[in-house]
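**Student:** Next come the chains, spelled out residue by residue.
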Amino acid sequence: GENVEQHPSTLSVQEGDSAVIKCTYSDSASNYFPWYKQELGKRPQLIIDIRSNVGEKKDQRIAVTLNKTAKHFSLHITETQPEDSAVYFCAATHSRLSGTYKYIFGTGTRLKVLA
Amino acid sequence: DTEVTQTPKHLVMGMTNKKSLKCEQHMGHRAMYWYKQKAKKPPELMFVYSYEKLSINESVPSRFSPECPNSSLLNLHLHALQPEDSALYLCASSQDSPSGRYPTYEQYFGPGTRLTVT
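Chains A and B supply the protein sequences, listed in that same order.
Residue numbers for the first sequence follow the numbering used here, beginning at 1214 and rising by one.
Residue numbers for the second sequence follow the numbering used here, beginning at 497 and rising by one.
To be clear, the hints were calculated from the coordinates, so they are not data collected in a lab.
Every residue, glycine too, gets a C-beta built ideally from N, C-alpha and C.
Please note: incorrect hints may appear among the correct ones.
[Stated by the list, open to error] From the structure, some residues in chain A lie toward chain B, with a derived Cβ separation under 7 Å:
#1 Ala-1232
#2 Leu-1253
#3 Arg-1256
#4 Pro-1257
#5 Asp-1262
#6 Phe-1302
#7 Lys-1315
#8 Phe-1318
#9 Gly-1321
[Said to hold, decoys possible] Covered stretches of chain B, going by a simulated chain A footprint (3 or more residues, C-beta under 8 Å):
#10 525-538
#11 562-568
Go ahead and model the full structure; you've got the sequences and the hints to work with.
**Tutor:** This is the structure:
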């Protein structure tokens, strides 16, 4: 079936360093790729997304890149801060014959920013 | 209002109980979702409603029964649950088109209901 692989499962970085999380998707028809941040006990919150007609998108310290040929996309966080510590999930849209779309989530990356 | 609300925040129920989870949004979104999330795992899709009609049921056991009374409300009725059903239940909403021709817009999640089945 359709799936999204996410690596690494855990990532520890020093405050101020950069963090990169990578996802690979299998459905070549996927055309929307959101990233969610989930703090302990809280809801997933959308932090950035990218559509298939764009190769890169940036929002302050966060950026996402998409390589459609290789079917992978990455989250880049620069100048990491302790409050960036959370679990990050990538997702890819999965189209269905009925026309309804749903998300296929990656397995998550636990990011720890060490002060 | 860009928020999805869920009640209750916490729920403890026995295996013979009947309870309901509620979700509400006032963003004019026409697609609403129920997810189940276990600890350290991604959200797992259960149901999708599009324009108040059930469009996706991910082979969820019948002890979970969704209901969409109107475009702003989504319920999940629970009956005869098992301890392994204990999890965080998340509701989400997004814009959608009736024919599903366009990519689903970003999904906004509610805070979830922490369910414990004893």
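**Student:** Run every hint past the structure and note whether it holds.
**Tutor:** Taking the hints in turn, this is what the structure says about them:
1. Ala-1232: Hint on A:Ala-1232: violated, closest Cβ of chain B at ~19 Å, above 7 Å.
2. Leu-1253: violated, 10 Å
3. Arg-1256: holds, 4 Å
4. Pro-1257: The hint holds - A:Pro-1257 has a Cβ within 7 Å of chain B, the shortest such distance being about 5 Å.
5. Asp-1262: Constraint on A:Asp-1262 satisfied, holds at 6 Å.
6. Phe-1302: holds, 5 Å
7. Lys-1315: Where the cut-off is 7 Å and the nearest Cβ of chain B is about 6 Å from A:Lys-1315, the hint holds.
8. Phe-1318: Where the cut-off is 7 Å and the nearest Cβ of chain B is about 4 Å from A:Phe-1318, the hint holds.
9. Gly-1321: holds, 6 Å
10. 525-538: Holds: 3 residues of the stretch 525-538 of chain B have a Cβ under 8 Å from chain A.
11. 562-568: violated (count 0)
Going down the numbered hints, you'll see the structure goes against 1, 2, 11, while the others check out.
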